[in-house]
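Using the hints provided, position chain W relative to the given structure of chain U.
The listed protein sequences correspond, in order, to chains U and W.
Going by this note's numbering, the first residue of the first sequence is number 1, and it counts up by one from there.
Going by this note's numbering, the first residue of the second sequence is number 1, and it counts up by one from there.
Hints were generated in silico from the structure; no laboratory data involved.
Mixed in with the good hints, there may be bad ones.
Identical copies carry no separate label here, and so any pair may be met within one copy or between two of them.
[Said to hold, decoys possible] Straight line, CA to CA, 20 Å or less: simulated SDA-like cross-link-like pairs of lysine to any residue:
| no. | residue 1 | residue 2 |
| --- | --- | --- |
| 1 | LYS299 | ARG243 |
| 2 | LYS52 | TYR235 |
| 3 | LYS49 | LEU255 |
| 4 | LYS70 | LEU345 |
| 5 | LYS225 | THR340 |
| 6 | LYS52 | ARG221 |
| 7 | LYS225 | THR328 |
| 8 | LYS285 | GLY382 |
| 9 | LYS106 | ALA308 |
| 10 | LYS106 | VAL89 |
| 11 | LYS70 | HIS342 |
| 12 | LYS49 | ASP279 |
| 13 | LYS285 | TRP296 |
| 14 | LYS115 | TRP296 |
| 15 | LYS118 | ALA137 |
Here the structure is a predicted model, which is why all the values come from computation and not from measurement.
2 protein chains.
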Amino acid sequence: MIQQHLLTGIRVLDFTRVLAGPTCTRMFAECGAEVIKVESGPDGDMVRKISKFRGNDRSLYLIQQNLNKKSVCLDFRKPESIALLRELVAQCDVVVENFRPGVMAKLGLAYADCKAIKEDIVYCSISALGQSGELAAKPGYDFIAQAYSGVTSLIGERDEPPYLPLLGLGDVSTGVHAAFGIAAALLHRARTGLGQYLDIALLDCYYHYHEAAVHTCSGTRGAVKPTRSGRHFSYVCPAGVFRANGGSIVLIGFLHHWADLCAALGRPELVADPGWATDQVRLAKVDEVVGMIEAWLMKFPDIDSAIATLDGHGVPCAPILSVEQTLTHPHFIERGTVRTVHDRLAGDIQIPGMPIKGSTYPANNDYVAPLLGEHNAEVLSGLLGKSEGEIAALTASGVLMSAAS
Amino acid sequence: MIQQHLLTGIRVLDFTRVLAGPTCTRMFAECGAEVIKVESGPDGDMVRKISKFRGNDRSLYLIQQNLNKKSVCLDFRKPESIALLRELVAQCDVVVENFRPGVMAKLGLAYADCKAIKEDIVYCSISALGQSGELAAKPGYDFIAQAYSGVTSLIGERDEPPYLPLLGLGDVSTGVHAAFGIAAALLHRARTGLGQYLDIALLDCYYHYHEAAVHTCSGTRGAVKPTRSGRHFSYVCPAGVFRANGGSIVLIGFLHHWADLCAALGRPELVADPGWATDQVRLAKVDEVVGMIEAWLMKFPDIDSAIATLDGHGVPCAPILSVEQTLTHPHFIERGTVRTVHDRLAGDIQIPGMPIKGSTYPANNDYVAPLLGEHNAEVLSGLLGKSEGEIAALTASGVLMSAAS
Numbered sequence: 001m002i003q004q005h006l007l008t009g010i011r012v013l014d015f016t017r018v019l020a021g022p023t024c025t026r027m028f029a030e031c032g033a034e035v036i037k038v039e040s041g042p043d044g045d046m047v048r049k050i051s052k053f054r055g056n057d058r059s060l061y062l063i064q065q066n067l068n069k070k071s072v073c074l075d076f077r078k079p080e081s082i083a084l085l086r087e088l089v090a091q092c093d094v095v096v097e098n099f100r101p102g103v104m105a106k107l108g109l110a111y112a113d114c115k116a117i118k119e120d121i122v123y124c125s126i127s128a129l130g131q132s133g134e135l136a137a138k139p140g141y142d143f144i145a146q147a148y149s150g151v152t153s154l155i156g157e158r159d160e161p162p163y164l165p166l167l168g169l170g171d172v173s174t175g176v177h178a179a180f181g182i183a184a185a186l187l188h189r190a191r192t193g194l195g196q197y198l199d200i201a202l203l204d205c206y207y208h209y210h211e212a213a214v215h216t217c218s219g220t221r222g223a224v225k226p227t228r229s230g231r232h233f234s235y236v237c238p239a240g241v242f243r244a245n246g247g248s249i250v251l252i253g254f255l256h257h258w259a260d261l262c263a264a265l266g267r268p269e270l271v272a273d274p275g276w277a278t279d280q281v282r283l284a285k286v287d288e289v290v291g292m293i294e295a296w297l298m299k300f301p302d303i304d305s306a307i308a309t310l311d312g313h314g315v316p317c318a319p320i321l322s323v324e325q326t327l328t329h330p331h332f333i334e335r336g337t338v339r340t341v342h343d344r345l346a347g348d349i350q351i352p353g354m355p356i357k358g359s360t361y362p363a364n365n366d367y368v369a370p371l372l373g374e375h376n377a378e379v380l381s382g383l384l385g386k387s388e389g390e391i392a393a394l395t396a397s398g399v400l401m402s403a404a405s
Numbered sequence: 001m002i003q004q005h006l007l008t009g010i011r012v013l014d015f016t017r018v019l020a021g022p023t024c025t026r027m028f029a030e031c032g033a034e035v036i037k038v039e040s041g042p043d044g045d046m047v048r049k050i051s052k053f054r055g056n057d058r059s060l061y062l063i064q065q066n067l068n069k070k071s072v073c074l075d076f077r078k079p080e081s082i083a084l085l086r087e088l089v090a091q092c093d094v095v096v097e098n099f100r101p102g103v104m105a106k107l108g109l110a111y112a113d114c115k116a117i118k119e120d121i122v123y124c125s126i127s128a129l130g131q132s133g134e135l136a137a138k139p140g141y142d143f144i145a146q147a148y149s150g151v152t153s154l155i156g157e158r159d160e161p162p163y164l165p166l167l168g169l170g171d172v173s174t175g176v177h178a179a180f181g182i183a184a185a186l187l188h189r190a191r192t193g194l195g196q197y198l199d200i201a202l203l204d205c206y207y208h209y210h211e212a213a214v215h216t217c218s219g220t221r222g223a224v225k226p227t228r229s230g231r232h233f234s235y236v237c238p239a240g241v242f243r244a245n246g247g248s249i250v251l252i253g254f255l256h257h258w259a260d261l262c263a264a265l266g267r268p269e270l271v272a273d274p275g276w277a278t279d280q281v282r283l284a285k286v287d288e289v290v291g292m293i294e295a296w297l298m299k300f301p302d303i304d305s306a307i308a309t310l311d312g313h314g315v316p317c318a319p320i321l322s323v324e325q326t327l328t329h330p331h332f333i334e335r336g337t338v339r340t341v342h343d344r345l346a347g348d349i350q351i352p353g354m355p356i357k358g359s360t361y362p363a364n365n366d367y368v369a370p371l372l373g374e375h376n377a378e379v380l381s382g383l384l385g386k387s388e389g390e391i392a393a394l395t396a397s398g399v400l401m402s403a404a405s
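Just chain U, with the same shape it has in the complex:
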């Protein structure tokens, strides 16, 4: 056997769409697992309709989330399709789905159905609010789970409505949580022979982000009610977002960093000054502290020169880069934090790199994303032993579907 990557030899039947589920199965695909993306025809994954920025019918969103997967597209309304999917379950180690709770059961493909086909299947359901509980049936989006989780309540000014971060904080992290759960279940299967059902919810994964807010509220028996506090930390000072010449930076000058910051500021006398020496006294006059630091930052001609001076004194700091700035940043390119992939239809595009960087296998930027139904024949022939004639008949009758993008 050719040992190509960490998860070579594992086969995943992937019913997922959009972001959370596809992130999970992409982690597997990028680690060399064989991931068969099952798409409901005629349209397939709904993200195939968006992000067509290259003047043709190719979705860049689809590319980013589906590298190295195979696509099989079937008309889910036809019983022959479900029969084929059940045959595929028998050939797979893992099933992943992120439909609204109950949909897979209606299709006859719930965990119990799949377990009856393959006793040791590892089956992972991903949802917004979970498979159980009073909120489970609500229509779920990333920001719905985020709002319930208390995360949204911690972003913005105390006395104003909060902000939503405009990216996939919940979906991506949930996909990675699911990938860990599945890998752990596969290690368990190897030891015990047992399969597993996993119920992974955005709500639970968002809640997992709470570093100190939950135990602080509970530990103080509600005396401390965690909430948002603007652009600066509420329990140490200085730390947060500071205005500089041409934009903003993040700067941390609390605890032992205060002395380094004072040196950078040319104000060594403030290290021991009782009016400035501790986080507590600085917190009591946070506006004055921030104002002094921002006045100093404004003396630099730009952000880079201010950062260089802070770096020289060992003060933790960072420019707040725009997404555009990251695309050409040498550190991002050298590490593969951002990578360029070549798509057959869309050409070269940049997407986030695979964040799991192992020593045995180099980063693979040659992965490609599938066209809709591109692997119908390969999968049905290779895994299910269907003949050319059978596959042609399934295509003619509309069970198998495909498209040129």
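Coordinates of chain W only, in the frame set by chain U:
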């Protein structure tokens, strides 16, 4: 062998502190792996000094992040300590560390050192900006990586400095990424016999959150420059944060949800009205759309009644719960999204639940977090075969350290 949980039988030597690394090893510990938390004496993990909300010396932060781990505390300045740690490496499957790059090498415990002791060791380094690249040596905190990643730039109003979400978005997600990488490497070891070095960085994991911003900027060759856009989505409408009576809610009324929202609003005529019918025309007058919806929301006596009406029409929506509200919410308690654990010193406290919910093992809320050095004797006796006399001598000479909290 008693098969207690998914990862029973795996042994992890855990050099991590604070949040990202401890999240990774806690995922293993909560799945039944034996995690030996190695702490540098005399203080141990620096979070033992904070979050003492129960009137004694116990850190709630430490509890939350270190359930079901064993603590061994050594004076890292003594060569005997390093010799003992090298003996422990030989007995473990996994080593995890989140020091600043280079620290483990100075201790003589870099990957190459550990590989020489145990050829197939899986070794994971977690850092803010990575082990390589021009930024690797910078002091790293969660928000430093976040600012570089472009994530911060997407939160807040377009023409104002952005906001930092005040929780562990980067650390927690990075810990879970690392846990997946380690589990994948263990599956690989089982298949090939090979070990692995993993370089997991907050920067890469933060960048992984970019759902569409990177490929949109790259795909349009810079014509679209993704940035923050306040409380509402910039490419569909309505979707975002809306003011309601007594607070704010998240509401989604784009695409096919528009018809449901119009029904809820009692404005069915707007479904087909060319001035309102599409996301494009609504985006062009987003203030008017938001104003109409907020005026309607204000007619309800409170948020719950507005949410109930929206739920009745199938409109995706959520109250923006405070952290305090989540602690008593029936859905959170039923699912174990929030859980109560009992600590020997701190008593009952609530913390986020384990987000990996599997069918074979019930949620375990009986896990406890270790006192500093609590397992010195157990680990040195059980794994290294040290005698009572040897352990007493190591304690007397200050190699082994401990504390009562």
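Status of each hint after checking the structure:
no.	hint	result
1	LYS299 <-> ARG243	within (12 Å within a copy, 40 Å between copies)
2	LYS52 <-> TYR235	between (45 Å within a copy, 14 Å between copies)
3	LYS49 <-> LEU255	between (50 Å within a copy, 13 Å between copies)
4	LYS70 <-> LEU345	within (17 Å within a copy, 53 Å between copies)
5	LYS225 <-> THR340	between (45 Å within a copy, 18 Å between copies)
6	LYS52 <-> ARG221	between (51 Å within a copy, 13 Å between copies)
7	LYS225 <-> THR328	between (42 Å within a copy, 14 Å between copies)
8	LYS285 <-> GLY382	neither (70 Å within a copy, 53 Å between copies)
9	LYS106 <-> ALA308	neither (60 Å within a copy, 27 Å between copies)
10	LYS106 <-> VAL89	within (16 Å within a copy, 50 Å between copies)
11	LYS70 <-> HIS342	within (17 Å within a copy, 47 Å between copies)
12	LYS49 <-> ASP279	between (52 Å within a copy, 15 Å between copies)
13	LYS285 <-> TRP296	within (17 Å within a copy, 41 Å between copies)
14	LYS115 <-> TRP296	neither (65 Å within a copy, 48 Å between copies)
15	LYS118 <-> ALA137	neither (28 Å within a copy, 50 Å between copies)
Hints 8, 9, 14, 15 from the list above are not met by this structure, while the remaining hints are.
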